[in-house]
Structure formats: C-alpha cells, structure tokens
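Sequences are here, hints too, so could you generate the full structure?
First to last, the protein sequences are chains A and B. Here this note's numbering is used: position 47 in the first sequence is 47, and no number is missing along the way. Here this note's numbering is used: position 6 in the second sequence is 6, and no number is missing along the way.
There could be a bad hint or two in this list.
To be verified - Examples of chain B residues toward chain A, derived with CB under 10 Å:
hint, residue
1, Ala-25
2, Val-27
3, Gly-28
4, Val-29
5, Ile-37
6, Tyr-42
7, Glu-47
8, Thr-48
9, Ala-68
Calculated directly from the structure, the hints in this document are not laboratory data. Ideal Cβ placement from N, Cα and C applies to all residues, glycine included.
These are the residues of each chain, in order.
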Amino acid sequence: MAFREKLAWISVATMSLVYGWYFWTILPLARTGAGSAWHYAKLLQGTIITVVVLQIVLTVAAAALSPREARAPEDEREKLITLRGTRIAYFVLVTGALCVCVAGLFFDTNSLLLGNYALMAVVVANLVKDFTQIVQYRLAG
Amino acid sequence: MGVIANNIRRLRFDRGEMTQAELAAKVGVTRQTINAIEQNKYSPSLETAFKIADALGVAIGDVFSYAAKG
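In structure tokens form, the structure reads like this:
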C-alpha cells in the first residue's frame, strides 16, 4: 500500500471515529439547547485535540514503517489523485454550506446547531476527499 | 481516444530483472506509479516518460507507443 494511501486511511479512521462520537453526543444536546456553551466548547476542543494527536501518532508510526516513502515528495500521479479528491470534496463542501444556509434562513435552527452542521459539512467533505483518494489508489495500481 | 501502450515490463526484464522499485528510484516516482504505468492504468507526463526511457537506456518510442481507436 502506498504511503499516501495509508495517510488517507488514517484520516478516514480517526475523523469518522472521533467526529462520529462528537456529533452523536452533541447533536441531541444542541437540538434541545441543553448544557452550557462552556460544555460545548470543551467537547469540541477535546475532539479536535484527539483527532490531531491520533493523526500525528499514526502518521509517525506509518512513516517509521516506510521511511523512504515518507521522505519522498508527492509524485505526479499522487498529486493528480490529491487534486481529484479535493475537487470532489469542494462540491460536497459547497452543498453542505448551502444546506446550512437554508437551515438558518428558512428553519428555526439555533446557532449552536447551525455551527455544528457547518462543522459536519467540513468533516464530510474531508471524508469524501480521503475516500476518493483511496478509491483512486485502489483502482490505479 | 487512443491507447498508450508500453514495454516497460519487457525492458525491465532485459535489464537483468530491474525491479519496479529500482526504476521508480531512478525516475523519481513511487513504485506504485511505475506499476500503474506498466498496467496502462496511468499515462505519465511527457517529462516522466522521457525519464523512464532514459532510465531504461532506450528512446522514448521504444518504451511507449500510441494506437488510435476506431
């Protein structure tokens, strides 16, 4: 498996697990408006720190297993795969942002819920980018 | 659209079973990219195509060929 495919898997695994837990926990609370803003901020802070730490640890471990590949810069095929993933993720992010706009303008949605929907759009777009890259690495050798 | 075919596998064999990793290191790409090119799943840039030919010690036309479809 290519080193950059491993990085995409690490990103998918950490983001889906940690943010999955975060949204599972926070969305029911945000809908009812229960809990303080401080509580929400601490949850989000903990989630971001956990994702960053997990990704750093797993990336260092993957680099230790294949140090030469880790040091090498992206080649032209890998750059193309990254660009295709980013392009598809862009459309997902724009769609998510439009959905958040509609929720804010036409539905009685509180600001906490809107903020989390926006964050969800970012997370989903990132997952789509990683999945697209994985599929391309799998299909193209 | 046509098909870009290549003889990389045979040319590697002719050079004492040069591995994909060895060729990749000479060209400056990953082993997976050489594998993708060999299997016609990825068409390299002109620069990389020249580098592959150079690494194999042949002219670019001896490595890659183009066949128009239809």
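Quick rundown of the hints versus the structure:
no.	hint	result
1	Ala-25	holds (9 Å)
2	Val-27	holds (9 Å)
3	Gly-28	holds (7 Å)
4	Val-29	holds (4 Å)
5	Ile-37	holds (8 Å)
6	Tyr-42	holds (5 Å)
7	Glu-47	holds (8 Å)
8	Thr-48	holds (6 Å)
9	Ala-68	violated (23 Å)
Going down the numbered hints, you'll see the structure goes against just number 9.
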